[in-house]
Every structure is written in structure tokens, then in C-alpha cells.
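Assembling the complex is the task here: the two chains are given apart, and the hints tell you how they should meet.
Read off the chains here:
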Amino acid sequence: MTAVDTEPATPGTDAEHLLVVDDLSTSFATGQGPLRAVEHVSLDLGRGRTLGIVGESGSGKSVLARSIMGLLPKYASRTGSVRFEGQEMIGASASDLRTLWGARMAMVFQDPMTALNPVLRIGRQITESINEHLDYSKTQQRETAVALLRSVGIPEPERRLRQYPHELSGGMRQRVVIAISLACGPALLFADEPTTALDVTVQAQILDLLEAQQRERNMAVVLVTHDLGVVATRADEIAVMYGGRIVEQAPTQVLFREMRHPYTEALLKSIPRLDLPSHTRLEAIAGRPPDLLDPPSGCRFTPRCPYAQDKCHAEEPPLEDDGTGHLYRCWFPVGITSKQTTVDSVVTEANVRQGDDDQAVPAKVPPAPPVDGPPPAAPAGEDT
Amino acid sequence: MPDAPTAPSSEPAVLMLEDDSLSDEAPSNEAGSGIGVGGWIAAGWLIFVVAVALLAPFLPVDSPTARGAGPRLPLFTEGHVLGTDSSQRDVLSRLVFGARSSLTVGAGAVAVGFVVGGTLGLIAGFRRGRIDTFLSSLFDILLAFPALVLALSLAVFLKPPSASATAGAEEIDTSGGLTSIQILVLALGIVAIPLLARITRSTTLSWAQREFVLAARAQGARSGRLMVREVLPNVLPAMFSIALLSIAIAIIAEGALSLLGVGVEAPNPSWGNMITENRNVRSSPLNALFSPIVALFVTVMALNYLGDALRKKFDVRDSAL
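In order, the protein sequence lines correspond to chains A and B.
Here the first sequence is numbered in this note's numbering, starting from 918 and rising by one per residue.
Here the second sequence is numbered in this note's numbering, starting from 115 and rising by one per residue.
One chain only, chain B, in its complex shape (with noise of 0.2 Å):
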């Protein structure tokens, strides 16, 4: 066997190089494949939350901000399934209600972090030069303020001198004006500005050295198409899988800022000032404080998981191209 000596000696190195080429493939393959079972369970949960916020009119529960009479009604009760606060108002009702208001101000400040914060990163890292110069300096500028302290004094200077005296009491919708409800969205939509800049900023960097965007322009496409219909599509995804993130950041931020006493006005129902106005253990019920806390718990960790999930999966196709 004259050949036995070689053989062995170049085998193993080809077989290690296979075993580094399929293992290099193998988990892009795993990942690339949609966003899990977790995921869906969590998109499934967002979906039901927002269904119910969008229909709360419609559900046959409770008004909100109807006080009952008689005795505080535990969990399980016929007619208020999660029992009644302390005011006597049904706890399911305002966790409905609750989750309009919270994913309003949740959603709307995203979208307008979004919109102008999108807008200004795309501008700034497709242009860059001095435009981006001065736009991340603005962003920075914003970013080094605390975020809640921010979102605080933003709310404190839109809010109407008059707000508190004039406030409707019995309506949900406070219309003229700006309502609760709107300064929050500017407030938090404002700190969220360049949070989703500075994102878009660093994706579009790197989208807009590649080169079918060149390829474009060498079709005589203007920069604001390049922009649009190149880099946009491309950067999105990232944009998205943060704006997710920034929902549930936000919803918590407005618990917070109704702790501080300017979040979504009494007594319209928010799960943040539901839990603020139920958090003195002693006296509030268990479950009106408890059941704003559990929905906000499972929501902000759906918008992560899923916000999560996302972004591994755009990753993994960013890298695979």
C-alpha cells in the first residue's frame, strides 16, 4: 500500500474545510426563516391588544369612567370580570379604554419620531458632508438630555395653563385644544426624533455606498429617487424592528409621566395612571392595580420579543447578501 502514507495526511484537512463551510452556512439558513413560534405568539398578542383598543367603543363593557354604586367588587364578579377599583369603576373596562390611550400615545409618538426622525437620518446619511454634520449634532444634542426628564418638561410647556381647570371630566375625548393624549404624543414623539434618526442615519450609510444605488444613478436617477426608491425599502426594516422597541419605550415612558403627575389626564383611563392612581397597596384593590400591570408587562415584552425577532432576521438577510 504505497499510497496509504498520503492519503491520511490530506484527508482530514479537506474534510475540515467542509465542516467550516457548512457550519458557516447552516445557522443563516435557521435564522433566515420567518420570526419563530415566540414571534407569532407575540405578534398574535399584539394583534388582539390593538384589535380591542380599536373596538373598545364598540365592546359591551362598562363606560370607563362610570362610577358604581355600593361595594368594591373583587376578581370574577357576574358583570366585572376583573372586579371594581376603589372608585367602584370596572376594572376591565378601564384596562380596555386603558389600552387605547396607552397605544395611542405609544404609537402616534413613534410615528412622529419616525416620520421626521426617519426623514432627517435618511437626508443626513445620504447627503452627509456638512447637512450630516449638523443633524447629528442636533441628534446628539437631544440625545443628551435624559430621556424622561426630556419628555417631562416637553409635556409640562405644551400643556395649556388652563388645562386643569377647564378638563372635561366626563368625556374621554377631550376636544379644542391640545388633549392629554396629544401633548404626550408631541413630548415622547419629540425625544423619540433622534433615537430613529440616528438608526436610519447609520443603515443608510452603509445602503447608500452600495452600488446599485451607483447603478442608479448612472440611470440618471435624481438623489431624492436615490433616496426614495433605493435606500428607503432597504432601510426600513431596521427602521421598523426599532420602532418597535420605541413603542413599548414610549407606553412605559407615559407611565412614568403619569406618575409625575402629566400623563393621560384623570379619569380617562391609561394602564400607566391606572397603575399610579391604584399603587398605594394598602388601600387600592390587588387586582385594579395588578391588571394594568400584567397587560403592560405582556405588551412591552411582545414589542421587544418582536422588535427583537425582527431585527435578527434582517440582519441575517443583510448579511447573507
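Bound conformation, chain A alone (with noise of 0.2 Å):
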């Protein structure tokens, strides 16, 4: 191992952070040089603590969870530091990754069709890393693999263990992929877009499932998400990435009274409000995520921002607290130099939270500003 030990974790620390991850940077060797996926990113992160990862499709989220695990393919490389429960896991062994994968730090996938083996039974999918970390007999194995499906709600579980994936519906199988993760009872738990491959109105099953387990074992999770709704009510700090960066960190009401990125803002612009008039235009973010393989010079939401200036095209704003601890990386953060701040950040949380639970939040707003196209009930497919 070449862990560089600066100092020996003491308990009292290592209780209060159980992970932390500085300056780390992953890039992958392609056919057209580095990509760098994942650049300087630090965090901390305490135990029965929630962090969610915010951004969109190729912001590096996912990889950013897979770097701090270390679950990465051959030809990707990392920099930085990774300290888990005061180990240090960059340059750690693979057999020591082994021991602490499954068993004190798990990730549940993104789509469970495809994060469980076809053609295993689901029993034996749950023994599985319970008989490589646990010293447990064949019963012992069964019993737990029993109790594991009962407490995420899986009826029948005797029965279950005999099925194939297939014989499952997908809240099913996502509960039995959670089942998984949980089994040897880790400390860090990676929620990879838990949510995103299923029907929405198993969504907020799954996501009050990983919270209630996560409330029960104390146990640590990083939710990774492109859906500022799903991390508004169950994350209790929230990063968002841009472009392999963490463009904006901040405890969660802090992030949402009062956010300063552009991007967190066109974010939240972008989802859609109940309390708007059917028919209002999305409004959706222009452009795409920069090319990692040759990113643009200076702040890399530039070119969408419709707040840019000259200053943004030159030269990267660091990552920068504003001595709350509420971090962004802006030259010109919303709300601060220029007054266009044109979401009322109370009001999009409670929108944030209406949509996400079912308890409706009287929207304490008055009628939206009057959008284009007569009133809802316009009748579909009258066009102009």
C-alpha cells in the first residue's frame, strides 16, 4: 500500500468525517487524449450524513461516485486523495478495495434491469458478497438474506429467493438491488440515480426506502441525481457539477434561499411547475455539457450562460466560499452583482418539495405572470 499517512485519523474525526475526498481529479486515456471526467473535487462527508450530487447527463456525477470508490475501468487514472474511515483508498491494493467494497461501502445502480445477473437466482445474488464478507453458515446466509428483502418491503421474501430477476417488477427489483447493497451493513452507501429507470410513482417508494434504512443503520449516503427534487428533501448538503466540476456546494436550504451559480439556477428553472398554466414552455437549458476532450477556456458554463461576460471567457473562477460555507465557482453569482435574480427561491423550493412529495404546498404565489396562449383549457391540437 502506498497510502500517505499525513497524520493518524483519531476517532473523534473519523466519526465526524467518515469521507473525505480532496483535490481528486479522474481522467480517462482515449484515442484523443485525456478526458478529464472528474477535476478537483473535495468533499466531506459525516456519518448518517446525506450529500447529493447534482447535474446533467455527462457532468461527471457518476464518475465522480465510481472515483471515490475506486470502480473505475483500467484506462481511467485519479489524482487527489480519498480517505475513507481514515484510510487512504487512492493507491490502496485491490485486495484491500475488496474488503471494504460490499462490506463498509456499497453502491446501488442506477437500472435494476440490468444491475442484476439474469440468470442467477435472487437468493443467491444476496449470499453472494454476504459469503464473501461474513463469516456466516448456509442458514445463517439464508436467514439474513430473508431479512434483508422483509425490511425493504419485499413480500413473500422465502418465495422471492427462489425467483429469477425477470419473475420481478422493477420497484422490485430495485429494492432487491438496495437488499443487495445493504447486506453486510456498510457505512457509505452510493445511490447511482437509484430512481431514474423507474415508474415515477415508485420513485418516492424507493427514495423514502433508502431513507429509512439509512436512518436506521446511520449510515452515510451520496445520492447522485440529475433531479434537483429528488435531493431538495432527503440530501442535506447538495453539490452541483458542471463539466466534471462541483460548480456549487452548500447545505441544502442555504442552496435553495439562496443559490448563486447560473447553472443551480437554470436548473431549477428547467423543472417543471405545477403552478404555472398548462402549456407554459419549459424552459429548458440551450446548448449541451462541454466537450471534456477540449473543454472551453475560462468558466465552462460560458457558453450558456445568459449572464456571461468577458471576464468569464478568459479566465476559470475558482471554487470559492462566501464564509457561510457555501461554496460556488462564479465571477458574477446571481443575487450578489447583479440584481436579475429571477427565481424566487421560496417559492421553487416549495414547488421542489410539491413536486416530490404528495403533501401539495399551497403555493403561496400570486397568479403566475401572464405567458403566452390563452388560459388551460385550451383544447389540444388547435393550433394556430
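Derived from the structure by calculation, the hints contain no laboratory data.
Please note that the accuracy of each hint is not assured.
Stretch by stretch, here's where chain B covers chain A in the computed footprint (C-beta under 8 Å, at least three residues) [unchecked claim]: (1) 944-954; (2) 958-964; (3) 1015-1025; (4) 1032-1040; (5) 1218-1225.
Note that the Cβ used here is the ideal one computed from N, Cα and C, for glycine as well.
Given below as C-alpha cells:
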């Protein structure tokens, strides 16, 4: 092991800092040169806490989660430091990592259709990692598997153990995937878009399940998603990623109250809102995510940023703390330098909660500004 | 009727969409249900042939090497349903014992290819990188030889120099040293290795990229376990269907090698050397020539048909995932 132990982790700091990521960068060797998928990311996660990582496709959020865990293909290289329970993970040997994977940290994958082996029975897939990490007898393994399935809300667990993945619905499969990841009682769980592949009706159930398990086990969760609505009510802290970098990071309440980065603002605006009349045009973010093989100079959001100025093209802003633990990477943060705050953040947060939970938060807004088109009753199919 | 103009314009589009999605689903549902009647007939024939081959010593047939006295017997003679050949040996008996050696050669050779080629292919497809480059070039080199020429040279090379001199003429199973059947199994097996290895490798390549393999790795599974427990069970169906086709090829190859003089050693019968012995149509009785030809033809066709049916079945399952 080539771990660089600068200072031995004391139990006190270990409890507070389960996971400390310092200046982590990941790049992939490609035919067109190195692709820097994650750059200069620093994070700090305490036991039992939830960190939301938000960003659009290609922002590097999944790669970040896998980089922290070390689950990368051979052609990827990492620099920086990842300390988990006081142990340096970068440069750790494969066998050291294997003892952590599944046992101390685990990952729930996006698509339960592909994350389960189609030709193995559910029971076998659950007991596999128990068998690997814990010294259990066959009966103990079976009992644990049954208990796990019951705890994730699967009825008739004994019968399910003998079934194959294709005999289960998508939501059930994701519950099985979660059961597998919880099998050895990890201290840290990565949930990589755990609800993206599921029906909307099942999404909230799965997120509630994750939250309940997290509380029960005092487990830290890194929730990776492209949906701000998913993390709004569940994460303690949110990191917004763009082009492989964290562009804004703050405790959830702070982020929604006073978002600073134009990208965060644009993400929020792109959520469909229930209080707007129907047929309001959805505010998509124009343009495409940056090409990470040839990133734009200066701030990476510049080409798509409505507030971009000359300085943004020339220099990349640093990720700076405004003194309250709210970090953002912008020369002209929203709501400070200019008065172009267009989103009433309180309303937006209420709306985000509304879209997420079923309890309707009364919209304390005057009827939205007149938008194009006649009132909602306009029948479909009648174009001008 | 103010709605009338809009309705027809929007309806066909919706209907067409539905039709498309229906026609997309329908074939996969039909193809997914079993191997079909033909498949079962093929499987039934193969089971019958294997049973006959296994039970050959216990069946009420004459010794395949015992020469009878008297005239050559035609088809449907009492005691010799398929008659006798020019050496007055019972054709049915030779057919039954021939099935034994032909199937042993076919299945044995493919078993060698399956185990060795499958293992190498699995490693190459899973590990990738330099190991893959090395193994793949090895397969390509082996495949570059014409298969029959390679099998012939291997068979000649493996044959003990004194084999023809010491061949036990009266025994079916020659014991001690490499028998001609063992030589054939090895020679054809080596030829089958790159074939099965390539199929296994390419199937492994796609399965190893699946998320459940990564998920198992994230749960702390070792590479060996990933290969054997996660990838291999998914690769086996494709390997089996290719293996069935390869058995057919190996049985035919044995026939071809018999013609070249390195097949199953006379007087022990195989379908291949029965055809070779009786290939002279003018002097040989047709029942002795056509019995092994029909047996070989039907068996090879059954193997091909079943292999194809299985391949289709598993292809459908792959795409449905």
C-alpha cells in the first residue's frame, strides 16, 4: 500500500468525517487524449449524513461516485486523496479495496434491469457478498437474506429467494438491488440515480426506503441524481456539478434560499412547475454540456450562461467559500453582483417539495405572470 | 361537425404508432417459446442415437467385427435387418457400434474444445488487454490453417509409429497407448479450440460490460468469481449451441479423416470408415454404404437444427433483456 498517511486519524475526527475527498481528479485515456471527467473535487461527509450530487448527463457525477469508490476501468487514472474511515483509498491494493467494497461501502446502480444477473436466483445474488465478507453458515446466510428482503419491503421473501430477476417488477428489482447493497451493513452507500429507471409512482417509495434504511443503520448516503427535486428534501448538503467540476456546494436549505451559480438557477428553472398554467414553455438550458476532451476556456458554463461576460471567457473562477460554508464557482454570482434574480427561491423550493412529496404545499404566489397562450382550457390539437 | 377535420389527421398517426409497437413485440414473443416441433424431433433423434450408442454392448446385435459364413445377405433378412456387408458383417451391428465411436469422437473432440477453448476465450474476453491480444492472435493462427489439414497432420503426428503393426484386430477398445479414437479426439479437439474460444470470447466481451458484473465487483467479488459466477452462466447458452454445431462438424471430419486413412481404425466401425470401406459402388452392397450415410446425414442435420434452434432462442432472450 502506498497510502500517504499525513496524520493518523483520531477516532473523534473519524466519526465526523467518514469520507474526506481532497482535490480528486479523474481522467480517462482516450484516442483523442485525456478526458478529464472529474477535476479538483473536494468533499466531506459525516456518518449518517446525505450528500446530493446533482448535474445533467455528462457532468461527471456518476464518474465522481465511482472515482471515490475506486470502481473505474483500467484506462482511468485518479489523483488527489480519498480518505474513508481514515484509510487512504487511492493507491490502495485491489485486495484492500475488495474488503471495503460491499462491506463498508456499497453502491446502488441506476437500472435494476441490468444491475441484476438474469440467470442467477435472487437468493444467490444476495448471499454472494454475505458469503464473501461475513463468516456465516448457509442457514445464517439464508436467514439474513430473508430478513434483508423483508426490511426492504418485499412480501413473501422466502418465495422471492428462489425467483429470477425477470419474475420481478422494476420497483421490486430495485428493492432487491438495495437489499444486496445493504447486505453487509455498509457505512457509506452510493446511490447512482437510483430512481431514474423507475416509474414515477415507484420513485418516491424507493427514495423513502433508502431514507428509512439510512436512518436505521446510521449510514451515510451519496445520492447522485439529475433531479434537484429528488435531493431537495432528502439531502443535507448538495453539490452541483458541471463539466466535471463542482460549481456550487452548500447545505440544502442555503442552496435553495440563495443559489449563486447561474447553472444551479437554470437547473431549478428547468423543473416543470405545477403552479404555472398548462402549456407554459419549459425552460430548458440551451446548448450542450462541454466537450471534456476540449473544454472551453474560462468558466465552463460560459457558452450557455445568460449572464456571461468577457471575464468569464478569459478566466476560470475559483471555487470559493463565501464565509458561511456556501461554495460557488462564479465571477458574477446570481443575486449578488447583479439584480437579475428571476426565480423566487422560496417559491421554487416549495414547488420542488411539491413535485417530490404528495403533500401539496399551498402556492403562496400570485397567479403567475401572463404567459403566452390562452388560459389552461385550450384544447389540444388546435394550433393557430 | 367542427371537430371532423382535425380528427382524421391525428388518428392515423396514433394508430400507426401502435401498430409499430405491436409488430415489434409479436415475433419476439413467438420465438421465445421453446425450440419448436422440429427442435423436439431433432432432440428425440439425438437422444435415441446416444442411447443406442451407450447401450450398444447390451443390445441384441451381433459383434460388429464377426464375419459370417455363407453369402452376403440383403436388407430385411431375418437376423440381419440391414443385411451384411461384403465381409459378411452385420450392418446394423456395425451401425450401432459405429455410432458409439462416431459420437465419442464428435463429443470428445468438442468437449476438449469446449473446456480448453471456453476457458481461454473467457479469460481473453474478461481480462482484455495484453492477455486478450496474445490469446486472440493464437486463435487466429490456429484458425488460419485449413481445419482438415491441421486435423490430419495432428492425427498423423499423434499416431504411435508402431500403431499399425500392433493394432489388436479383434478388440473394439484397444487398450494401452493412444487408441485411434483418442488420437482423433485430441486432433479434432485442438482444431475445435480456436472456434469455441472465439465464440466464447466475443460473447464474454459483451456480458462482461454489463452492469451486474460491475455491481458484483462493487460488492467485493474477485475477478475469478465474477468470471465464473456472473459471466460464465450467461455465456454458456451461446457456447452450447455452437458446441452442438461443432459436434456435427467433428463427426463429418472423422469421416473425411477415415477416407485419408487416419480415422477410426479398421476393423472397428465408425460411420466414417463404414462409408470409406464401402465407397466402391460397383463392388460394395448398397445397404452397407447407405446405412451409415443416412445415419450420419440425419444425425448431423438434427445437431445443426437443434443448435440453430437454441441459438435463435437465446439470441431472442439476449435482445429482450
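To see whether the hints hold, each was checked on the structure:
1. Coverage of the stretch 944-954 of chain A by chain B is violated in this model, with 0 residues showing a Cβ closer than 8 Å to a Cβ of that chain against a need of three.
2. For the stretch 958-964 of chain A, the proposed coverage by chain B is not satisfied: 0 residues have a C-beta within less than 8 Å of a C-beta in that chain, short of the threshold of three.
3. Only residues whose beta carbon comes within less than 8 Å of a beta carbon in chain B count, and the stretch 1015-1025 of chain A has 8; three or more means the coverage holds.
4. Using a Cβ-Cβ cut-off of 8 Å, 6 residues of the stretch 1032-1040 of chain A lie near chain B, which meets the minimum of three, so the contact claim holds.
5. Coverage of the stretch 1218-1225 of chain A by chain B is violated in this model, with 0 residues showing a Cβ closer than 8 Å to a Cβ of that chain against a need of three.
Against the hints set out earlier in the document, violations occur for numbers 1, 2 and 5.
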